[in-house]
Amino acid sequence: MSVADEITVLHEAHYGRLVATLTRVTRSLELAEDVVQDAFAKALTSWQDGDLPDEPVAWLARTARNAAIDRFRHDRLHRERLPELTHMTELESKTETDFTSHPALRDDMLRLIFTCCHPALRIDARLALTLKTICGLNTDEIARAFIVPEQTMAQRIVRAKQKIGLAGIAYRVPDSDELEERLPGVLAVIYLIFNESYLSSRSGSVRGRLADQAIGLGRTLCAVLPVYPEAKALLALMLLQHSRHLARFDETGTIVLLKDQDRTLWDRPRINEGVELINYVFEQGHGVGRYALQAAIASLHCQASTAANTDWAQIALLYAELAKIDPSPVIELNRAVAVGEAHGPEEAIAVLSGISESRAMQRYHLFHSTKAEMLLRLNREPEARTAFEKALSLASSDSEKRFLRERIDTID
Amino acid sequence: MQYLLMIHDTEAQWQTMPEAEAGEIIGRYVALGESLGKAGKMLGGERLQPSHTATSVRVRDGETQLVDGPFAETKEQLGGYYLIEADDLDDAIKIAAQIPAAETGCIEVRPIWVME
Chain A
534 MSVADEITVL
544 HEAHYGRLVA
554 TLTRVTRSLE
564 LAEDVVQDAF
574 AKALTSWQDG
584 DLPDEPVAWL
594 ARTARNAAID
604 RFRHDRLHRE
614 RLPELTHMTE
624 LESKTETDFT
634 SHPALRDDML
644 RLIFTCCHPA
654 LRIDARLALT
664 LKTICGLNTD
674 EIARAFIVPE
684 QTMAQRIVRA
694 KQKIGLAGIA
704 YRVPDSDELE
714 ERLPGVLAVI
724 YLIFNESYLS
734 SRSGSVRGRL
744 ADQAIGLGRT
754 LCAVLPVYPE
764 AKALLALMLL
774 QHSRHLARFD
784 ETGTIVLLKD
794 QDRTLWDRPR
804 INEGVELINY
814 VFEQGHGVGR
824 YALQAAIASL
834 HCQASTAANT
844 DWAQIALLYA
854 ELAKIDPSPV
864 IELNRAVAVG
874 EAHGPEEAIA
884 VLSGISESRA
894 MQRYHLFHST
904 KAEMLLRLNR
914 EPEARTAFEK
924 ALSLASSDSE
934 KRFLRERIDT
944 ID
Chain B
641 MQYLLMIHDT
651 EAQWQTMPEA
661 EAGEIIGRYV
671 ALGESLGKAG
681 KMLGGERLQP
691 SHTATSVRVR
701 DGETQLVDGP
711 FAETKEQLGG
721 YYLIEADDLD
731 DAIKIAAQIP
741 AAETGCIEVR
751 PIWVME
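Going down the list, the sequences are from chains A and B.
Those letters in the first sequence? Residues 534 to 945, by my numbering.
Those letters in the second sequence? Residues 641 to 756, by my numbering.
For reference, chain B alone in the conformation it holds in the complex (with noise of 0.2 Å):
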């Protein structure tokens, strides 16, 4: 099955992190990802810009709108994902489990729909 790991931090801790400790943490993504990628489970993945660089596009009555931010004002914000193969929601869980920022924040497990 696939699922998309929705990675939620708060974005600020970047910017007052010392530089050794970022690079431990992205160390640790970059090991994940082979790690997921030598079992065949990465599908794909990669980190966000941050949430102040997005931008939400609303359709009405045929009229383009649009709004400077994210889709949502939350204390913790998208980050970046991971598409994942695993056997089942108990696999996609252990995977989760070893994101960084499941320690500070929240992954959002979401299966994808699969199209018939």
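The following block holds chain A by itself, in its conformation from the complex (with noise of 0.2 Å):
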């Protein structure tokens, strides 16, 4: 590994951990983040003989730390603050990882992440602001990945900055009230984050790699909040929905649906880790949340050999579970694809009928076409083609078009 791929390790693992304690201990986010990315730039200069430090985390945490002091010591405003930044303790230049060992670092970590996802803040300015201080992207990264102009997000994440700096956003650790409040919209932000990546079919693009991110996150999170279960199985829903990232797309782009998949390209060590903590969830049996019921039907599709051996009934009977707590036509519109394949058309064009009404529905594309695929199943062709064109005027990615006038053709 070259010392630059190192570099490149260590930015992913520690950047965060880095800024959350640097964060604390200069009071400035701001600060906090130049200095860690001036102590990463300064290692790629220092380590190019390929001469690494005995500890690469714990140099870059003196180097950050040097970095702030040396810049208090030019401002007279943050002069006072002095005194704490030398004594940084020898903890916190080693840069542990192992928060359940090391509260004072776990609660660096919650105060960063619960800060960055304040829902004071527009959303769109909470997935930017951890992406840039917790996963370390650049702006340019993140501008590219929710396809807006640098610009832009270099404006949005500024307003956010100073939002959190003159409207009193406290960076602290939320009371266990607070956090059970606002642990979902943290969850919310991660998923979100995820979601962005889950359509795109260059998985080595930046916005390809949002899913590693948020992985990552999901991973942080749970070393941080060990007893939630919704954090462990937000964290599975990701790893085994990403397990099936390869399959989904073929060479061209389109999406390959599940029930065609190559299910030889589905990555198994991610299904295991994912099916091993989402059973180690539900046998906690502390209520499952809507995470959670994703996860378990996830895990239901990553473990069945072929689409035909997919336990549908079962996840029929989830999603069920899932329109009680989220009670949405979009689990409907999925309840019915596994009734279909559970008992058949008939019944699940009757749950269709149920949510036929939703103007949401109405305009949104993968209704009508799974509509058309019950019907066509039924042999009403003439209604199956109406709604697949339904559904082709509705599409809005190329790949997605491609797909239906494929299936409009087969009817022909």
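Among these hints, one or two may not hold up.
Listed below are the simulated DSSO-like cross-link pairs for lysine-lysine, each with C-alpha atoms no more than 27 Å apart in a straight line [what the hints assert, rightly or not]:
{"#": "1", "chain 1": "B", "residue 1": "Lys681", "chain 2": "A", "residue 2": "Lys696"}
{"#": "2", "chain 1": "B", "residue 1": "Lys734", "chain 2": "A", "residue 2": "Lys694"}
{"#": "3", "chain 1": "A", "residue 1": "Lys696", "chain 2": "B", "residue 2": "Lys734"}
{"#": "4", "chain 1": "B", "residue 1": "Lys734", "chain 2": "B", "residue 2": "Lys678"}
What follows is a set of in silico ranges between Cβ atoms, one per label pair, in the way DEER data are often shown [unchecked claim]:
{"#": "5", "chain 1": "A", "residue 1": "Asp708", "chain 2": "B", "residue 2": "Val754", "range": "18 to 28 Å"}
{"#": "6", "chain 1": "A", "residue 1": "Asp673", "chain 2": "B", "residue 2": "Trp654", "range": "45 to 55 Å"}
{"#": "7", "chain 1": "B", "residue 1": "Thr656", "chain 2": "A", "residue 2": "Ala853", "range": "42 to 52 Å"}
{"#": "8", "chain 1": "B", "residue 1": "Met646", "chain 2": "A", "residue 2": "Asp783", "range": "51 to 61 Å"}
{"#": "9", "chain 1": "B", "residue 1": "Gln738", "chain 2": "A", "residue 2": "Arg935", "range": "48 to 58 Å"}
{"#": "10", "chain 1": "B", "residue 1": "Phe711", "chain 2": "A", "residue 2": "Glu809", "range": "57 to 67 Å"}
{"#": "11", "chain 1": "B", "residue 1": "Trp753", "chain 2": "A", "residue 2": "Arg677", "range": "27 to 37 Å"}
{"#": "12", "chain 1": "B", "residue 1": "Val697", "chain 2": "A", "residue 2": "Ala574", "range": "48 to 58 Å"}
{"#": "13", "chain 1": "A", "residue 1": "Gln695", "chain 2": "B", "residue 2": "Ser696", "range": "28 to 38 Å"}
Note that these hints are calculated values from the structure, not bench results.
In this text, a Cβ means the ideal position worked out from N, Cα and C, and glycines have one as well.
Fit the two chains together into the complex; they arrive one by one in their own frames, and the hints show the way.
Written as structure tokens, this is what we have:
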């Protein structure tokens, strides 16, 4: 591994942790980010001859701290914080990643996560800030991932940081009541980041790599909040969904439906980890939430040797449970698919007619394409064609449009 | 930190509200003011006369122009405010959520710009 690669690995694993600790000791998110970035830049030049220090993370922490001390000396406003910074303990400079045995480090991370995901910030700002300060993506990468101009993204991030400072969003660990209340919001931010990449066919692109960032965030959250089952469930869900990403698109970038996917392309280690996690959550039985139910559904798909061997009846039941927590036409739509596989197209159409009045469904291409598939199975070709054409008029991505056109062609 | 909590609500509701209900809501405002006062968080706060009593003042080219009515015609009107001292935004949000109008209208929480 080249020095640059080693630094990339260190960056992925420790950037957020270093920013978290430096933010506590400097009380400035902005400054913490600057000095941690500087430390990584310095590593790139200092280590270029292959001379890595014995403890590279400790080296990065010390370098960032020294840079902060240097800046404080030159800044009258911050000079009062010098003593605390100078006494940054040995533990902090060592930058352990074992959160369970180091509550101070766990608290640093919690503070950073709950500040970046504060509900007083716009949701798009929460996503950007999380990727910038915890994952260490730069503004250009985040802009490309969300397909907005770099300037727009830069302004979004600056605005969010200004609001944190000026509106007094506290950099602190939420108390246990607040934590319960805000955790779903944090999980939602991570899952939204994940979903941004889910439909991206180019896994090597910045957008495609968001899935890895989201999984990394999920792991960190599980490490700092080991007793919350929904955090584990979300991690399981992301691992299981991401396990199929290589099989989800063909070489032309067209979506391959679950039933047609080459299951040998599924990532077994990820599936095993996800299944183990979700089984653990269900065994604990503290009441399962929406992520646990979705992960359970994904685990049934991932464990089926073929599409036909999938436990659709169980999946239909899990969707019914999910609909109780989260009543929504989209969940009913998914339940209709499962019911169609388990009990036949007629019953699926009955489920679909229950949501056909929904305006969101009328505008949703997948509602119409699902209906079309069920009609086709009942040999009701003309109606199926109409439904496919409606779906085509509503689909937005090229790969989906291509897929729908192919389906229409099969009717002719 | 200091925050201004601006209370926006439909003032027309007061005209049709039974007296007992209005009394109960006003009682909640009084109780909130007292508890904020006891906690040392109350810096000021008043109820405003209805928005049709407002006068908007602009000076253009040295000339004072008056408009009868509020700055902007909106569905909800600024009906009052609290100026509070809070630990941080979370603390200010908790206080804002206790204002009765938060349940029917909206409370805008704005940090005070501190002059150095």
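### Query
Is A/Lys696 close enough to B/Lys734, meaning Cα to Cα at most 27 Å?
holds, 18 Å
### Query
Is the hinted pair B/Lys681 and A/Lys696 satisfied, with a Cα-Cα distance of at most 27 Å?
Answer holds: B/Lys681 to A/Lys696 is near 22 Å, not above 27 Å.
#### Entry: 51 to 61 Å as the expected CB spacing between A/Asp783 and B/Met646, which holds or is violated
holds, 56 Å
### Message
Taking 45 to 55 Å as the stated bounds, is the beta-carbon spacing between A/Asp673 and B/Trp654 within them?
### Response
Because 53 Å falls inside the window, the suggested range holds.
### Task
Verify the proposed pairing of B/Lys734 with A/Lys694, using a straight-line Cα cut of 27 Å.
holds, 22 Å
### Query
Taking the CB of A/Gln695 and the CB of B/Ser696, does the distance hold inside 28 to 38 Å?
For B/Ser696 against A/Gln695, whose Cβ atoms are near 29 Å apart, the range 28 to 38 Å holds.
### Query
Does B/Lys734 pair with B/Lys678 here, judged by a C-alpha cut-off of 27 Å?
Measuring from Cα to Cα gives roughly 16 Å; hence the hint holds.
### Task
May I ask you to test the hint 18 to 28 Å on the CB atoms belonging to A/Asp708 and B/Val754?
holds, 27 Å
### Query
Quick one: are B/Gln738 and A/Arg935 within 48 to 58 Å, going by C-beta?
Hint holds: Cβ distance 55 Å, inside 48 to 58 Å.
### Query
Falls inside 42 to 52 Å, the C-beta gap from B/Thr656 to A/Ala853?
holds, 44 Å
### Task
Could you tell me whether the CB distance from B/Val697 to A/Ala574 stays inside 48 to 58 Å?
Since B/Val697 and A/Ala574 have Cβ atoms about 54 Å apart, the given range 48 to 58 Å holds.
### Query
Are B/Phe711 and A/Glu809 spaced within 57 to 67 Å by their CB atoms?
Check passed, 60 Å falls within 57 to 67 Å.
Every hint, counting from the list given before, is met by this structure.
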